[in-house]
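A.B. asks: All residue numbers for the sequence shown refer to our numbering, where the first residue is 138 and numbers rise by one.
Just so you know, these hints were derived from the structure itself, not from any lab.
As the structure is a prediction and not an experimental result, all values here were calculated from the model.
All residues carry an ideal CB built from backbone N, CA and C; glycine is no exception.
Any given hint might turn out to be false.
Stated by the list, open to error - In the EDC-like style, the derived pairs of lysine to aspartate or glutamate whose C-alpha atoms are separated by at most 16 angstroms in a straight line are:
| hint | residue 1 | residue 2 |
| --- | --- | --- |
| 1 | Lys250 | Asp309 |
| 2 | Lys250 | Asp235 |
| 3 | Lys250 | Glu300 |
Unchecked claim - Have a look at the derived ranges for each label pair, beta carbon to beta carbon:
| hint | residue 1 | residue 2 | range |
| --- | --- | --- | --- |
| 4 | Asp204 | Asp309 | 13 to 23 angstroms |
| 5 | Ser232 | Gly290 | 30 to 40 angstroms |
| 6 | Ala179 | Gly290 | 27 to 37 angstroms |
| 7 | His289 | Thr268 | 13 to 23 angstroms |
| 8 | Ala219 | Arg260 | 36 to 46 angstroms |
| 9 | Lys250 | Gly192 | 15 to 25 angstroms |
| 10 | Arg210 | Pro288 | 12 to 22 angstroms |
| 11 | Thr268 | Thr185 | 21 to 31 angstroms |
| 12 | His289 | Arg182 | 34 to 44 angstroms |
| 13 | Ser207 | Ser187 | 15 to 25 angstroms |
| 14 | Gly272 | Leu247 | 32 to 42 angstroms |
| 15 | Pro236 | Ala271 | 32 to 42 angstroms |
| 16 | Ser207 | Thr268 | 22 to 32 angstroms |
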Amino acid sequence: MVIVGVMAGLAVAVAALAWLSGQDGPRRVTLSEDAEGDVRVAADRTVTPSSLQPGSVFRYRFSVTNDGGSAIRQLAVRSEKAATGSSETGLDVRSVSDPHCSGTVRVDCLFPKLGPGETRTVRVEGRASRTGRAGDRVLIHTFPGFLTHAPHGDLTYEVVGGEAVTTGVLVDGTGSGG
Numbered sequence: 138m139v140i141v142g143v144m145a146g147l148a149v150a151v152a153a154l155a156w157l158s159g160q161d162g163p164r165r166v167t168l169s170e171d172a173e174g175d176v177r178v179a180a181d182r183t184v185t186p187s188s189l190q191p192g193s194v195f196r197y198r199f200s201v202t203n204d205g206g207s208a209i210r211q212l213a214v215r216s217e218k219a220a221t222g223s224s225e226t227g228l229d230v231r232s233v234s235d236p237h238c239s240g241t242v243r244v245d246c247l248f249p250k251l252g253p254g255e256t257r258t259v260r261v262e263g264r265a266s267r268t269g270r271a272g273d274r275v276l277i278h279t280f281p282g283f284l285t286h287a288p289h290g291d292l293t294y295e296v297v298g299g300e301a302v303t304t305g306v307l308v309d310g311t312g313s314g315g
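Given only the sequences and the hints, what does the whole structure look like? Please build it.
C.D. replies: Here it is as structure tokens:
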């Protein structure tokens, strides 16, 4: 029984560390009812420009706001591209405006403290897939959460609040003949 508990705890810690380091892998996600109403995420509805050529640069921004009455510490925010059409699945991140964020195939932010009423806005510059086809969509999901320490030293990632979606579309592509 103890060995099973230790192995389960190790699996959760590895998943949380994979999330922090930007590696793909399983992650334990639970909803936190306590923080659900305190964190709000918003994002541009479309990338700029919204009509993209293969390999072209686009921009979007997202913000996270603490609507609660006390500071939130160690707030994590992830912005990642969903797989759509024939496009590559990763987000090709060129630059991120906030020093608490980084990214290459997605944007990961870890804000040490977000005070009551405080909003952080992050501007992202990315590059559209070079191998996409006309009509392929760029679909980016941005969602907040935070890492918590569970019993036995486990780390869990808790989603707090909803996600925001940003889109764009390729108007020409390498596989479209045009």
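A.B. asks: Now tell me, hint by hint, if it's right for this structure.
C.D. replies: Cross-check of the supplied hints:
1. In summary, the hint linking lysine 250 to aspartate 309 is not supported, as the alpha carbons are separated by about 43 angstroms, beyond the 16 angstroms threshold.
2. For the hint pairing lysine 250 with aspartate 235, the CA-to-CA distance comes to about 14 angstroms; that is within 16 angstroms, so the pair holds.
3. Between the alpha carbons of lysine 250 and glutamate 300 the distance comes to roughly 20 angstroms, so the proposed pair goes past 16 angstroms and is violated.
4. Checked against the hint of 13 to 23 angstroms, the C-beta distance between aspartate 204 and aspartate 309 comes to roughly 42 angstroms, which is inconsistent with it.
5. With their beta carbons about 36 angstroms apart, serine 232 and glycine 290 fall inside the hinted range of 30 to 40 angstroms.
6. Hint check: alanine 179 to glycine 290, Cβ distance near 34 angstroms, so the stated range 27 to 37 angstroms holds.
7. The supplied range of 13 to 23 angstroms is broken by histidine 289 and threonine 268, whose beta-carbon atoms lie about 45 angstroms from each other.
8. Alanine 219 and arginine 260 have their C-beta atoms about 21 angstroms apart, which leaves the hinted 36 to 46 angstroms range violated.
9. For lysine 250 and glycine 192, the Cβ-Cβ distance of about 38 angstroms falls outside the hinted range of 15 to 25 angstroms, so the restraint is violated.
10. At roughly 20 angstroms, the beta carbons of arginine 210 and proline 288 sit within the given window of 12 to 22 angstroms.
11. Threonine 268 and threonine 185 have their C-beta atoms about 22 angstroms apart, which keeps the hinted 21 to 31 angstroms range intact.
12. Range check, histidine 289 to arginine 182: about 42 angstroms between beta-carbon atoms, so the 34 to 44 angstroms window is met.
13. For the pair serine 207 and serine 187, the beta carbons lie near 38 angstroms from each other, so the given range of 15 to 25 angstroms is not met.
14. Our hint of 32 to 42 angstroms for glycine 272 and leucine 247 holds, since their Cβ atoms are close to 36 angstroms apart.
15. For the hinted restraint 32 to 42 angstroms between proline 236 and alanine 271, the CB-CB distance of approximately 37 angstroms keeps it satisfied.
16. Distance hint check: the CB atoms of serine 207 and threonine 268 are about 47 angstroms apart, inconsistent with the given range 22 to 32 angstroms.
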